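> The residues making up each chain are set out below.
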Amino acid sequence: MNDSATLSVNPAPPARERWALPVWHTLRGRLIISVALVHVVLMGLFTWEAVDRQSQELRQEMVNQGRSLASLMVVASTNALLAEDLASLAEVTRRVAEREDVAYGEIVDVRGFVMASTREGRVGRPAGPVIESSELFPLAESDSVLDLREAVLIGDTEVGFVLLGLSTGNLERALAATRNRGIQYILLALVIGSVAAWLLSVTVTRNLHELTLAAKQIGDGDLGARVRVRSQDEAGTLALGFNLMAASLQRNSREIEREHRKRTEAERLACVGEMAASIAHEIRNPMVALINSAKLLGDPKLEAEDHAEVAHIVETESSRLQRILDDFLTFSRLPTARIVSADLEPLVTETIGLVRQDPRYAGRIAFECRYAENNRCRFDPDLIRQVLINLFLNAMQAMPAGGRLMIRLQRGERRMGVSIVDNGSGIPERIMSQISRPFFTGRKDGTGLGLSVVQRILAQHGTALSITSQEGAGTEVSFDLELESDG
Amino acid sequence: MRRACIRAVLLWLSWVTAAAAVQESGHLRFGVLPLQSPTKLAGMFLPLSGYLGEALGRPVQFVTSSSFSSFMEKVAHRQYDIIYLNPMLYGRSRPYGYRVIAKVASEPFTGILVVRRDGRLRSLGAENLPADLRIGFPDPGAFAATVMVRKYLQSLGIDVERQMQMQYFGSQDSAILALYNGLVDVTGTWRPSLRSMPPLIRDQLEIIAETPPQPQMPIAVRDDLPPQQIERLRQALVGLAAAPGGQSIIRQLGFKRGFEAASDDEYLEVSE
Numbered sequence: 001m002n003d004s005a006t007l008s009v010n011p012a013p014p015a016r017e018r019w020a021l022p023v024w025h026t027l028r029g030r031l032i033i034s035v036a037l038v039h040v041v042l043m044g045l046f047t048w049e050a051v052d053r054q055s056q057e058l059r060q061e062m063v064n065q066g067r068s069l070a071s072l073m074v075v076a077s078t079n080a081l082l083a084e085d086l087a088s089l090a091e092v093t094r095r096v097a098e099r100e101d102v103a104y105g106e107i108v109d110v111r112g113f114v115m116a117s118t119r120e121g122r123v124g125r126p127a128g129p130v131i132e133s134s135e136l137f138p139l140a141e142s143d144s145v146l147d148l149r150e151a152v153l154i155g156d157t158e159v160g161f162v163l164l165g166l167s168t169g170n171l172e173r174a175l176a177a178t179r180n181r182g183i184q185y186i187l188l189a190l191v192i193g194s195v196a197a198w199l200l201s202v203t204v205t206r207n208l209h210e211l212t213l214a215a216k217q218i219g220d221g222d223l224g225a226r227v228r229v230r231s232q233d234e235a236g237t238l239a240l241g242f243n244l245m246a247a248s249l250q251r252n253s254r255e256i257e258r259e260h261r262k263r264t265e266a267e268r269l270a271c272v273g274e275m276a277a278s279i280a281h282e283i284r285n286p287m288v289a290l291i292n293s294a295k296l297l298g299d300p301k302l303e304a305e306d307h308a309e310v311a312h313i314v315e316t317e318s319s320r321l322q323r324i325l326d327d328f329l330t331f332s333r334l335p336t337a338r339i340v341s342a343d344l345e346p347l348v349t350e351t352i353g354l355v356r357q358d359p360r361y362a363g364r365i366a367f368e369c370r371y372a373e374n375n376r377c378r379f380d381p382d383l384i385r386q387v388l389i390n391l392f393l394n395a396m397q398a399m400p401a402g403g404r405l406m407i408r409l410q411r412g413e414r415r416m417g418v419s420i421v422d423n424g425s426g427i428p429e430r431i432m433s434q435i436s437r438p439f440f441t442g443r444k445d446g447t448g449l450g451l452s453v454v455q456r457i458l459a460q461h462g463t464a465l466s467i468t469s470q471e472g473a474g475t476e477v478s479f480d481l482e483l484e485s486d487g
Numbered sequence: 488m489r490r491a492c493i494r495a496v497l498l499w500l501s502w503v504t505a506a507a508a509v510q511e512s513g514h515l516r517f518g519v520l521p522l523q524s525p526t527k528l529a530g531m532f533l534p535l536s537g538y539l540g541e542a543l544g545r546p547v548q549f550v551t552s553s554s555f556s557s558f559m560e561k562v563a564h565r566q567y568d569i570i571y572l573n574p575m576l577y578g579r580s581r582p583y584g585y586r587v588i589a590k591v592a593s594e595p596f597t598g599i600l601v602v603r604r605d606g607r608l609r610s611l612g613a614e615n616l617p618a619d620l621r622i623g624f625p626d627p628g629a630f631a632a633t634v635m636v637r638k639y640l641q642s643l644g645i646d647v648e649r650q651m652q653m654q655y656f657g658s659q660d661s662a663i664l665a666l667y668n669g670l671v672d673v674t675g676t677w678r679p680s681l682r683s684m685p686p687l688i689r690d691q692l693e694i695i696a697e698t699p700p701q702p703q704m705p706i707a708v709r710d711d712l713p714p715q716q717i718e719r720l721r722q723a724l725v726g727l728a729a730a731p732g733g734q735s736i737i738r739q740l741g742f743k744r745g746f747e748a749a750s751d752d753e754y755l756e757v758s759e
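Each protein sequence line maps, in turn, to chains A and B.
Counting from 1, one number per residue, gives the positions in the first sequence under my numbering.
Counting from 488, one number per residue, gives the positions in the second sequence under my numbering.
The shape of chain A in the complex, shown without the other chains:
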């Protein structure tokens, strides 16, 4: 078990923020995006499949048509080719050229000479390098003509061949049209899907929206907020449950409020009584001394030496009485904090200069300061000076024989940490829970209001004191202040 005593009020670490589309944070947005995404993916797959299938069918159809046409050319031109009847062959190629998708058509004899062609100036010339067999899809990237070759056969003997080129322009246009239609369908599906998802989300989230508003009202303190139960589905059940919860919360809140009022009243009365008792106790001793001293001073038999001593007692006790009353007034009339942006480092340095002059500890305390690069934060300089004085004096009082006092300013992400560490006697664990109570003091000459004042000031700065101590080793007290905002 750890033998160090700890009293701390630490702010919760800020939640790590992840970036996401703002619309993704809403159920409605997620629903619409999800449905739209599903539509787009499904329609995309469907379109891709349709285009792919149609592409294959169109290509196959083109190949079949081309082969049929080439076969027809062979049939139509066989006799004319054998008879070298150029007029008939020219008629064949002329008819072939009438087709829109024919890029070229040629009839070549067995020697490789063009006997008829759809292209000018080719007849009577060598056909040149020609394909050995018909092309198949897919064609090369730059090839926009499907080249087909059909032999003119008499039995097994080739007496010539037909070359036919079909332009893939129409095919590409048909495929592009299919693709465009597919994209239009995808967009249509996207719109329809989004609208449907929006309508669905409106239905689903209407109750949730009301629940959100009602929850916000409750969060703002209006426990009377309720939602209308519109349906019998899960959202309706949730709304019903919410109303029941809100009603229960309202009842409990009223109960707690009543209890709190009672307890506050009791605590206030107890505190008044305790304070009255404490004040009475604190005042009674000097008062008794003063009363007795006054009686002695009235005694004519009092010798001169004793008279001087009694007069000193009167002076000492009066001063003590005065200090008690001053501390009490400081505690009870603490001014409202006027928080400004300022540099904490000069204030710490100045305060160290003040307490260093205290003759009770002169020369026995070694101060060690560790500052951040930028120590600007938001605080009330007068009140924080009071806090630092009280905490420094507490630490110095814990080191009557001298020691080391370290002041550390650490800049965090949003707040400036202030730590005061001493290597004094430490705080016994048994009194750790009482040290923050007013008028509790472990010293003979203390009033027990120092830490109470510190806590009240820090509460005004939105922070609290954290105390970690180990008896015989030392104590660390710390708090934090809001950093100066960039804006």
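The hints are simulated quantities; they were obtained by calculation from the structure and are not laboratory data.
Nothing here was measured: the structure is a model prediction, and the numbers come from that model.
Be aware that one or more of the hints could be misleading.
[To be verified] Cut-off 20 Å, straight-line C-alpha distance, at most; resulting in silico cross-link-like pairs (SDA-like, lysine to any residue): (1) Lys-638/B / Glu-697/B; (2) Lys-527/B / Asn-285/A; (3) Lys-527/B / Ala-151/A; (4) Lys-527/B / Leu-153/A; (5) Lys-295/A / Ile-283/A; (6) Lys-295/A / Asn-285/A; (7) Lys-527/B / Lys-295/A; (8) Lys-527/B / Met-684/B; (9) Lys-527/B / Ile-283/A.
Once you've looked at the hints, dock chain B against the given chain A.
The following block gives chain B in isolation, referenced to the frame of chain A:
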């Protein structure tokens, strides 16, 4: 007029094309008189072209023409290296430098007159000839089928032009089919064409007369071919019957024995 011009241009183009092709390719062009349809003729002569190509060591291209007249025009322009034609047209090709090297070794070269078995004409005679008799021929230049038959009819005292309705059908096959289909009553043709008909058709037809024989169909070569090639060609033709696969080629041609050597003298007596 415009069509005639186009035909003339195409014909000229075909001569130019063929002439250029002869110059540029290594093929020998084997021109066959269009006795049958080009496809059928190709079926008959392509094996022979292949055989000759192997024998000569250079490819031989089979070609025919759309008509006898266009064939002879190409002959006149010396577009063929080798020609196969009838004896009469051979006589016309001689002035253009073609010389016979072989002839068909077969039955005598005769023309025949064919009728349908169920037809009205049973015999020929100037006196008993039915009125309005229709006679079909392949082409005016078909020697056996037209020229010899007409001459034979004339010898019988029949004036074809006066006593009959004449019709030309372009090829031997067409003329025979015209008879089979009843378009004519009698057709002039020759035996190889009749033999090449399907049995179904052939069985319906009957030969009623045959002309006196003439020298067989010759194969001639252009006179600018190298003598060695001409000799190799002659030997290949004469030796076809004994060559491996030769009998098959002969059967394809519709011949009985292949080819035999022939001289120019044999054809000097052939008259038109």
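> Would you check the hint for Lys-527/B and Asn-285/A, treating anything up to 20 Å between C-alpha atoms as holding?
Judged against 20 Å, a Cα distance of about 150 Å means the pair is violated.
> Regarding the pair Lys-527/B and Leu-153/A, is the alpha-carbon distance no greater than 20 Å?
With a Cα-Cα distance of about 12 Å, the restraint between Lys-527/B and Leu-153/A holds, given a limit of 20 Å.
> Mind checking the alpha carbons of Lys-295/A and Asn-285/A for me, to see if they're no more than 20 Å apart?
Holds, at about 15 Å.
> Between the alpha carbons of Lys-527/B and Lys-295/A, is the straight-line distance 20 Å or under?
Since the Cα atoms of Lys-527/B and Lys-295/A sit roughly 164 Å apart, the hinted pair is violated (cutoff 20 Å).
> Take the C-alpha atoms of Lys-527/B and Ile-283/A, compute the straight-line distance between them, and say whether it is at most 20 Å.
147 Å, violated
> If you draw a straight line from the CA of Lys-295/A to the CA of Ile-283/A, is it 20 Å or shorter?
Measuring from Cα to Cα gives roughly 18 Å; hence the hint holds.
> Hint check: Lys-527/B vs Met-684/B, CA-CA at most 20 Å. Holds or violated?
Answer holds: Lys-527/B to Met-684/B is near 11 Å, not above 20 Å.
> Given the hinted pair Lys-527/B and Ala-151/A, is their alpha-carbon gap at most 20 Å?
Distance of about 17 Å is within 20 Å: holds.
> Mind checking the alpha carbons of Lys-638/B and Glu-697/B for me, to see if they're no more than 20 Å apart?
Holds, at roughly 11 Å.
Comparing the model with each earlier hint shows violations of hints 2, 7, 9; every other hint is respected.
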